[in-house]
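Numbering of the sequence shown is given in our numbering, commencing with residue 4 and proceeding in unit increments.
Hints may contain errors.
Unchecked claim - Derived lysine-lysine pairs resembling DSSO-like cross-links, with alpha carbons at most 27 Å apart:
1. 112 to 23
2. 96 to 54
3. 23 to 142
4. 5 to 80
5. 112 to 22
6. 80 to 54
7. 5 to 54
8. 80 to 22
9. 142 to 54
10. 112 to 80
11. 54 to 112
12. 5 to 22
13. 23 to 54
14. 112 to 96
15. 5 to 112
16. 22 to 142
17. 22 to 96
18. 96 to 142
19. 112 to 28
20. 80 to 28
21. 142 to 112
22. 96 to 80
23. 23 to 5
24. 54 to 22
25. 142 to 80
26. 5 to 28
Just so you know, these hints were derived from the structure itself, not from any lab. Bear in mind the structure is a predicted one, so any value in this text is a computation, not a measurement.
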Amino acid sequence: MKVSLGCDHGGFALKEAVKKHLEEKGIEYIDCGTYSTDSVDYPDYARAACKKITDGECEFGLLFCSTGVGISIAANKVPGIRCCCASETYSAKYTRLHNNANVLAMGGKIVGEGIAFEMVDIFLSTEFEGGRHQRRVDKITAIEENR
């Protein structure tokens with residue numbers, strides 16, 4: 004498994020902490036930036052990290068901004084991306100189980116490192132249930148493709 008990472012200045016510290024956590028778990032990642040706390044625009048980094056998924060380089064993505072909301076909105080504009088902004092483990096688990104989400108967004112000013120690590124572990128280890136949920140994911144894809 005390989006994971007793409009992206010953040011703006013507001014999510015930089017949490018992204019850096021999650022990188023260390025991934026390294027400890029032996030999970031490969033591609034860091035798409037940003038690489039400092041200098042002010043940047045989160046859509047640029049959402050797009051870069053999501054492109055790694057849609058191009059097949061990565062299976063999942065983890066995104067970070069101050070709240071997780073802005074970067075998740077940007078990510079969800081990329082065709083093929085299903086991004087959930089979460090601040091607790093239940094959503095991180097069920098967005099994989101039921102929505103087959105491939106990106107998790109978190110807020111650096113909302114989520115502490117401990118809960119972030121738990122959410123990452125749950126998100127990356129939870130399999131999509133399929134079944135009736137596949138029909139719903141297919142409908143999301145149809146909206147995305149304007150069908």
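Comparing the hints with the structure gives:
{"no.": "1", "hint": "112 to 23", "verdict": "19 Å, holds"}
{"no.": "2", "hint": "96 to 54", "verdict": "23 Å, holds"}
{"no.": "3", "hint": "23 to 142", "verdict": "37 Å, violated"}
{"no.": "4", "hint": "5 to 80", "verdict": "22 Å, holds"}
{"no.": "5", "hint": "112 to 22", "verdict": "17 Å, holds"}
{"no.": "6", "hint": "80 to 54", "verdict": "11 Å, holds"}
{"no.": "7", "hint": "5 to 54", "verdict": "13 Å, holds"}
{"no.": "8", "hint": "80 to 22", "verdict": "25 Å, holds"}
{"no.": "9", "hint": "142 to 54", "verdict": "22 Å, holds"}
{"no.": "10", "hint": "112 to 80", "verdict": "23 Å, holds"}
{"no.": "11", "hint": "54 to 112", "verdict": "25 Å, holds"}
{"no.": "12", "hint": "5 to 22", "verdict": "12 Å, holds"}
{"no.": "13", "hint": "23 to 54", "verdict": "23 Å, holds"}
{"no.": "14", "hint": "112 to 96", "verdict": "21 Å, holds"}
{"no.": "15", "hint": "5 to 112", "verdict": "26 Å, holds"}
{"no.": "16", "hint": "22 to 142", "verdict": "34 Å, violated"}
{"no.": "17", "hint": "22 to 96", "verdict": "20 Å, holds"}
{"no.": "18", "hint": "96 to 142", "verdict": "21 Å, holds"}
{"no.": "19", "hint": "112 to 28", "verdict": "24 Å, holds"}
{"no.": "20", "hint": "80 to 28", "verdict": "30 Å, violated"}
{"no.": "21", "hint": "142 to 112", "verdict": "33 Å, violated"}
{"no.": "22", "hint": "96 to 80", "verdict": "22 Å, holds"}
{"no.": "23", "hint": "23 to 5", "verdict": "14 Å, holds"}
{"no.": "24", "hint": "54 to 22", "verdict": "19 Å, holds"}
{"no.": "25", "hint": "142 to 80", "verdict": "16 Å, holds"}
{"no.": "26", "hint": "5 to 28", "verdict": "12 Å, holds"}
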